[in-house]
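Asker: If you're matching them up, the sequences are chains A and B in order. Take any residue in the first sequence, count from 1 to its spot, add 955: that is its number in the numbering used here. Take any residue in the second sequence, count from 1 to its spot, add 5: that is its number in the numbering used here.
What the hints contain is simulated information worked out from the structure, not anything from laboratory work.
Here are a few chain A residues that face chain B, going by a calculated C-beta distance under 10 angstroms:
#: 1; residue: 1059
#: 2; residue: 1188
#: 3; residue: 1189
#: 4; residue: 1235
#: 5; residue: 1287
#: 6; residue: 1297
#: 7; residue: 1306
Straight-line C-alpha distance at most 25 angstroms; calculated SDA-like pairs for lysine to any residue:
#: 8; chain 1: B; residue 1: 36; chain 2: A; residue 2: 995
#: 9; chain 1: A; residue 1: 1136; chain 2: A; residue 2: 1053
#: 10; chain 1: A; residue 1: 1136; chain 2: B; residue 2: 46
#: 11; chain 1: A; residue 1: 1136; chain 2: B; residue 2: 50
#: 12; chain 1: A; residue 1: 1136; chain 2: B; residue 2: 57
#: 13; chain 1: A; residue 1: 1136; chain 2: B; residue 2: 58
#: 14; chain 1: A; residue 1: 1159; chain 2: A; residue 2: 1169
#: 15; chain 1: A; residue 1: 1331; chain 2: A; residue 2: 1263
#: 16; chain 1: A; residue 1: 1136; chain 2: A; residue 2: 1054
#: 17; chain 1: A; residue 1: 1331; chain 2: A; residue 2: 1024
#: 18; chain 1: A; residue 1: 1159; chain 2: A; residue 2: 1033
#: 19; chain 1: A; residue 1: 1159; chain 2: A; residue 2: 1023
#: 20; chain 1: B; residue 1: 36; chain 2: A; residue 2: 987
#: 21; chain 1: B; residue 1: 36; chain 2: A; residue 2: 1231
#: 22; chain 1: B; residue 1: 36; chain 2: A; residue 2: 991
#: 23; chain 1: B; residue 1: 36; chain 2: A; residue 2: 1222
#: 24; chain 1: B; residue 1: 36; chain 2: A; residue 2: 990
#: 25; chain 1: B; residue 1: 36; chain 2: A; residue 2: 1061
#: 26; chain 1: A; residue 1: 1264; chain 2: B; residue 2: 6
#: 27; chain 1: B; residue 1: 36; chain 2: A; residue 2: 994
#: 28; chain 1: B; residue 1: 36; chain 2: A; residue 2: 1223
#: 29; chain 1: A; residue 1: 1159; chain 2: A; residue 2: 1174
#: 30; chain 1: B; residue 1: 36; chain 2: A; residue 2: 1209
#: 31; chain 1: A; residue 1: 1264; chain 2: B; residue 2: 18
#: 32; chain 1: A; residue 1: 1136; chain 2: A; residue 2: 1126
#: 33; chain 1: A; residue 1: 1136; chain 2: B; residue 2: 44
#: 34; chain 1: A; residue 1: 1159; chain 2: A; residue 2: 1030
#: 35; chain 1: B; residue 1: 36; chain 2: A; residue 2: 1188
#: 36; chain 1: B; residue 1: 36; chain 2: A; residue 2: 1210
#: 37; chain 1: A; residue 1: 1331; chain 2: B; residue 2: 8
#: 38; chain 1: A; residue 1: 1264; chain 2: B; residue 2: 13
#: 39; chain 1: B; residue 1: 36; chain 2: B; residue 2: 48
#: 40; chain 1: B; residue 1: 36; chain 2: A; residue 2: 1060
Using N, Cα and C, we set each Cβ at its ideal position, and we do this for glycine too.
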Amino acid sequence: MLSTDVTTLTETHEATAAPLLRRGGLVLAGFAAVFAAALVAGGRFGLMLAIGLGFGIVLEGMRFGFAGPWRAMILRRDPAGIWAQLLAIGLVTLVALPMISASSGELAGAQAPVGFAMIAGAFIFGAAMQVVLGCGSGTLVNAGSGNAVALVALPFFAIGSFAGAYHLIWWTDLGALPIIKFSGWQGVVLTLLGLSAIAGLLWKLAPPEHRRLPRRLIVAAVLLAGFAILNLLVAGQPWGVVYGLGLWAAKAASAAGADLSGSAFWSAPGSLDRLQASILTDYTSLTNIGIVLGAFLVASWRVDGLSQKVPGLPAQAWLAAIVAGFLLGYSSRLAFGCNVGAFFSGISTGSLHGWVWFAAAFAGSVYGVRLRPLFKLEPRP
Amino acid sequence: MTRLVTATIAVAGIAALIALDASATPPNPYKAPPLLALGSGTAPSGGFCGALPDPAGK
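Chain A extracted, bound-state conformation (with noise of 0.2 angstroms):
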């Protein structure tokens, strides 16, 4: 009896001591991987991945996503997750407006022009984000937490942001409007204007028994913001996504002997400079790794988080996520960003853009929700 008393303790104490074994050495990496960042290309550099590393850690950690509360409230009325991003992005406004109107340009805002293209842009991204239920920031959070519809979709993002990217201006050159931006005091009154006149809206289609916001989004949200905000001082421009995705494309197309003379994008005296350097001196691309190493970290945390089985798709649905993936990197580059680069970035530094692409990306959304069955993402309703 007491021998089996022996065992039972040992394997009792051994199986909480892999878990703490596990996870600090989890903490460690992550603190290591900022470590040798700001080592080998600077201390601003380490920063940018250690910020990225926090918006991972809050997306997977805290479930906030994009396209899910989007189709939460196309499917059920469930505004919960918009409120949420709304809130976040309030947040930033107030901080980043006032703070990019003091400053005597040191930082930027995500300001781009209105038009044809950057209208149809949103709406395909919205679309497509529906589709893999994964947008420009799910998608890492997604392809790092093992989500294997992500994993396939993230190359052939990368892929259709550079593709975009080359043919950004024969686009833009279509009609577009000057930029048109708020900013200053007024602009945050605007701003928050428009973010609660959205968020009364939503309160009046939902049904009484969703209309409240749970204590984990509102944390999510106030961290999330905080991290933007922390991206806009360190890099002096706000949180982007689609941007250093295209870049990673570009860079291997690149050495792989392709010529870029022929687009007027990636011919420009800034984006070679960008493709001669380091990716871990851009700050998008920053981000960008820390979200995927936070995502990775957060699901590695959990007991039994990456031991679920990737479910088994058919053909048609792989060929989906594929070319969702192409689209969602494409359409973003048209549109000025995506969900993070236009919606969160734009609105909450005062770009007209953001407002419309919001509305564009999610009629687009509404189509989504419907494609996703159809190519057998998931059972038909």
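Assemble chain B onto chain A, guided by the hints.
Answerer: Same frame as chain A, but now just chain B:
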């Protein structure tokens, strides 16, 4: 196949990307900008998905 395999592939892919890029275009920490853009006195020069190419180069 479990998610451990797919998540490991994602992280390995990122590691390979960094390693290949570092061998082609190694970073130089001695050319690093100040820690924070705020207060640095320099305009932001990073690539961003909302920006059109700047013919001036920065």
